[in-house]
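Student: Sequence:
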Amino acid sequence: MKPAPFKYYSPTTLHEALELVATLDNAKVLAGGQSLMPMMNFRFVMPDHLIDLNQIKEMASIERRENCLFVGAMTRQRALETSPLAREFAPLIVEAYSHVSHRQIRNRGTYGGSLCHLDPSSEQPCFTAALDGVIEVASRNGTRQIPMAEWTSMYMTPALAEDELMTGAHLAIWPKGHGSAFFEYSRRHGDYAIVAVAVLATVDASCRITRLVISICGISAGPVRLTTAELELVGMEADEGAVVRAMSIAESLDDVMEDAHNSADYRRHLVKVLTARAMRVAFQRARLGNK
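Heads up: the sequence shown begins at 148 in the numbering used here, then just goes up one per residue.
Hints may contain errors.
Capping the alpha-carbon separation at 30 Å, the derived lysine-lysine pairs in DSS-like fashion look like this [as the list claims (entries may be wrong)]:
no.: 1; residue 1: K204; residue 2: K175
no.: 2; residue 1: K154; residue 2: K204
no.: 3; residue 1: K175; residue 2: K154
no.: 4; residue 1: K175; residue 2: K149
no.: 5; residue 1: K175; residue 2: K323
Since the hints were made in silico from the structure, they are not lab data.
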């Protein structure tokens, strides 16, 4: 099929784009287009206006800002995957991108496009949640920041007002020597994850956990943090005992989504198994980094 008729706009500044978003009815924003264009071709989405952000250079950047990385919404996924800043300050990002689709898709797909499309099984919201992401959005009236924990409004719907655009995200930088790991299970390499787990950890000289993050995607409309385990395991040794306790907490998760292919029990099982694998690797890397 072909898309329904629409008017096309190609602003070159953020100001122009915000004016269009604020004044056009039934408009869609084009970032990388890797999700939107197929949906338009199948007429699942039929906008009257298409606003292409690809000429707005100010929205594509990767910068260190004090204790965080700022990633512009129009940053290509491949650029973030290969960024020296990401590799140095947030290696979790690089590891997560090894699971994201295929290189051809990552060459065109954008970080912000993925966060706004907000597929429940997407790896990018998952690592953004793990890194305590804060989303920056703008409108004609100014800018505001939305913590990743508040970004999901409903299924595949971010907490954006109709006249707002995501401009980027602030991702926390963890201290040198931390350990991180990203594991997922998908039907085929390059598919969306059925379940994915991101883990970040720091340990002290006695190999006791001083900080822990466990972020999960594929079980709810947005990424889920295993906060009970994150709090309870601090102070424990970074060993199999901590892993077993986290598995027990993961197994008791409520409200896990299911579909025609994967039951809630199966997803819950995957959370338990992948959490254990990711924690073991993150702990090992943290112990090595602490030497």
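Student: All hints, please: hold or fail.
Tutor: Status of the hints after comparison with the structure:
Proposed proximity of K204 and K175 is supported: the alpha carbons are some 19 Å apart, at most 30 Å. With a CA separation close to 22 Å, the supplied pair K154 and K204 stays within the 30 Å bound. With a CA separation close to 10 Å, the supplied pair K175 and K154 stays within the 30 Å bound. For the hint linking K175 to K149, the alpha-carbon distance of about 16 Å falls within 30 Å, and the restraint holds.
Taken as a hint, the K175 and K323 pair is broken in the structure, with Cα atoms around 41 Å apart against an allowance of 30 Å.
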